[in-house]
Amino acid sequence: MNDHEFSVQALRQKDRSEFDRLVDSLSDPLYRLALKMLGNPQDAEDVLQNTFIKAMLNIDTFEQRSSLSTWLYRIAVNESLMLLRKKKPEVSLDESTPDDDQVADYAPKEFTDWCCLPEEEFLNAESRQMLDSAIRLLPETLRVVFLLRDIEGLSIQETSEALDLTETAVKTRLLRARLRLREHLSGFYSERVKSRKDEHE
Amino acid sequence: MSEHEHIHCSELLGSLSDYIDGVASEALCQEIETHMASCENCRVVVDTLRKTIALYQTLGEETPEISSTARERLYRTLNMEKFL
Numbered sequence: 001m002n003d004h005e006f007s008v009q010a011l012r013q014k015d016r017s018e019f020d021r022l023v024d025s026l027s028d029p030l031y032r033l034a035l036k037m038l039g040n041p042q043d044a045e046d047v048l049q050n051t052f053i054k055a056m057l058n059i060d061t062f063e064q065r066s067s068l069s070t071w072l073y074r075i076a077v078n079e080s081l082m083l084l085r086k087k088k089p090e091v092s093l094d095e096s097t098p099d100d101d102q103v104a105d106y107a108p109k110e111f112t113d114w115c116c117l118p119e120e121e122f123l124n125a126e127s128r129q130m131l132d133s134a135i136r137l138l139p140e141t142l143r144v145v146f147l148l149r150d151i152e153g154l155s156i157q158e159t160s161e162a163l164d165l166t167e168t169a170v171k172t173r174l175l176r177a178r179l180r181l182r183e184h185l186s187g188f189y190s191e192r193v194k195s196r197k198d199e200h201e
Numbered sequence: 001m002s003e004h005e006h007i008h009c010s011e012l013l014g015s016l017s018d019y020i021d022g023v024a025s026e027a028l029c030q031e032i033e034t035h036m037a038s039c040e041n042c043r044v045v046v047d048t049l050r051k052t053i054a055l056y057q058t059l060g061e062e063t064p065e066i067s068s069t070a071r072e073r074l075y076r077t078l079n080m081e082k083f084l
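Protein chains in written order, with the working numbering: chain A, 1 to 201; chain B, 1 to 84.
For the record, the hints were derived by calculation from the structure and aren't laboratory data. These figures come from a predicted structure and were not determined experimentally. Keep in mind that a hint or two might mislead.
Unchecked claim - Dumping the calculated DSBU-like pairs for lysine-lysine here, alpha-carbon to alpha-carbon at most 35 Å:
1. A:109 with B:51
2. B:51 with A:87
3. B:51 with A:14
4. A:194 with B:51
5. A:171 with A:194
To be verified - Per the computed footprint, the stretches of chain B lying under chain A, defined by three or more beta-carbons under 8 Å from a beta-carbon of chain A, are:
6. 8–17
7. 69–75
Ideal Cβ positions, reconstructed from N, Cα and C, are used throughout, including at glycine.
The whole structure should be built from the sequences, with the hints applied where relevant.
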């Protein structure tokens, strides 16, 4: 996150060009995040608009305890979760995956080495669809951590600031998200390894 | 994961992210690598976990940017807002 170039002071003074620069540089990453959270371009667009509007309406209360872009990520995450809750009232950021369950619950069960598959196996339409559906199957608590940290490249500290979680909770959730995804992918790709082996026999 | 190495395997599980992200201590890295040299399952878990993250990062880079029409709509909406 390199947003030291944004001037909070200019934004507070309603400087149009500073606001335009902010929108220019954060539209794509925030849209991407919302799209991955919600799976729907129209919803992602709504989240993006609301994020910038809320940011500007509340810029005077921004305490600068995190960077400006992390703060915008935080608003976008909250907007996305609100929309998800509206559509699926059972969604909750707090308890769908408690942090006090055992790491053993996430212990790997699939041990096929599928890294050796040719690249085309990973890039075809079926594989992409599986990757998308695996991420959608994650509880929101885990998905949002994985998206911010591994897809958007926020640090553990930035992710914890964006989600108002401790760094320990972020690390725990990140590991669980990664292990769940690996398990899901392993189920799919181990079948591919097997069928390629069968084809060659 | 073999029975006699069970403790080692579960210890490794908790340190996996640090190891993969390159922030584990040198001593921990060495311990994990020594363990993986004799535990095929853990080696596979580490390799496939790395690959899992890499695949999602590739997919993330390919996620379409906001379309030009959506971007125009965004600018139009933001321009009309009274907050500026």
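Results for each hint:
1. A:109 with B:51: 17 Å, holds
2. B:51 with A:87: 33 Å, holds
3. B:51 with A:14: With a Cα-Cα distance of about 45 Å, the restraint between residue 51 of chain B and residue 14 of chain A is violated, given a limit of 35 Å.
4. A:194 with B:51: Given pair residue 194 of chain A, residue 51 of chain B holds - Cα atoms ~18 Å apart, limit 35 Å.
5. A:171 with A:194: 34 Å, holds
6. 8–17: n = 5 at 8 Å, threshold three: holds.
7. 69–75: holds (count 5)
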